[in-house]
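A.B. asks: Spelled out from the first residue to the last, the chains are:
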Amino acid sequence: MLTISAELRSKILGHARADHPDEACGVIAGLAGSDRPQRFIAMLNAERSPTFYRFDSMEQLRVWREMDDRDEEPVVIYHSHTATEAYPSRTDISYASEPNAHYVLVSTREPGHDEFRSFRILEGTVTEEEVSVVPE
Amino acid sequence: MHVNLVEQEAMAIEVRIPTILRNYTGGEKSVQGAGSTLDELFADLNGRYDGLRGRLVDDAGESPASLRRFVNVYLNDEDVRFLGGLAAPVSDGDTVTVLPAVAGG
Chain V
1 MLTISAELRS KILGHARADH PDEACGVIAG LAGSDRPQRF IAMLNAERSP TFYRFDSMEQ
61 LRVWREMDDR DEEPVVIYHS HTATEAYPSR TDISYASEPN AHYVLVSTRE PGHDEFRSFR
121 ILEGTVTEEE VSVVPE
Chain W
1 MHVNLVEQEA MAIEVRIPTI LRNYTGGEKS VQGAGSTLDE LFADLNGRYD GLRGRLVDDA
61 GESPASLRRF VNVYLNDEDV RFLGGLAAPV SDGDTVTVLP AVAGG
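Protein chains in written order, with the working numbering: chain V, 1 to 136; chain W, 1 to 105.
Since the hints were made in silico from the structure, they are not lab data.
Quick reminder that beta carbons are idealized off the backbone N, C-alpha and C, glycines included.
Keep in mind that the hints are not guaranteed to be accurate.
[To be verified] Away from chain W, derived, C-beta distances all over 10 Å, residues of chain V: (1) L31; (2) L61; (3) T127.
[Stated by the list, open to error] Partial list, derived from the structure: chain W residues whose beta carbon lies under 8 Å from chain V: (4) I20; (5) Y74; (6) A103.
[Claimed, not checked] Reference excerpt, derived from the structure (chain W facing chain V, CB under 10 Å, subset only): (7) L21; (8) L86; (9) A101; (10) V102.
Given only the sequences and the hints, what does the whole structure look like? Please build it.
C.D. replies: Below is the structure:
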């Protein structure tokens, strides 16, 4: 199960809406081992594409080092789909390589309707999990 | 002079390993290797951490070996793709960082 604050959930959705029709992506860092997402980090989509995303490699190095220095890990890795459901694509599955991360997908295909789902992706196997939204 | 040489040999290249690949390094976050290019460094590491190179380097097929697109490899503060990829020169005291590329569709 992913436990996430309402504020962080709405930051992800806001980022996805703002970047639509391109895919948006980012991470939420949390203390290593805590499984609680706390620090929201919107990342550039180096692909600037409606169908693909990739973290900019230099920005990723900077952010990963910063997490390391703060004893954090990427608790949530999120991105948006802009025309399809919020479910990992085959490409998403092939790249997924943070065994401890919750992979959050949102979809912006419908203007007034939010889709927000969370998955574990381990060695090619996708498992959807419950999302518990808490006040803080 | 001799002492200096010994000290230099004792220095090595630090390679930082991401979580997903630590099963190849016995859980170690950071390992040491040697070589004059990234390619040699990865070959050297593979002698002690069997299978690691295959997760970093794609040398199947007819094209020359190249870095796998699933990983980002940095030499100190630079993405090695801008430094010649596997041919990038490395030397003692350098730090190589491997991160999983975060990408998808």
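A.B. asks: Now look at each hint and say whether the structure bears it out.
C.D. replies: Verification of the supplied hints:
no.: 1; hint: L31; result: holds, 15 Å
no.: 2; hint: L61; result: violated, 5 Å
no.: 3; hint: T127; result: holds, 17 Å
no.: 4; hint: I20; result: holds, 4 Å
no.: 5; hint: Y74; result: holds, 5 Å
no.: 6; hint: A103; result: holds, 4 Å
no.: 7; hint: L21; result: holds, 9 Å
no.: 8; hint: L86; result: violated, 16 Å
no.: 9; hint: A101; result: holds, 6 Å
no.: 10; hint: V102; result: holds, 4 Å
Hints 2, 8, counting from the list given before, are not met by this structure.
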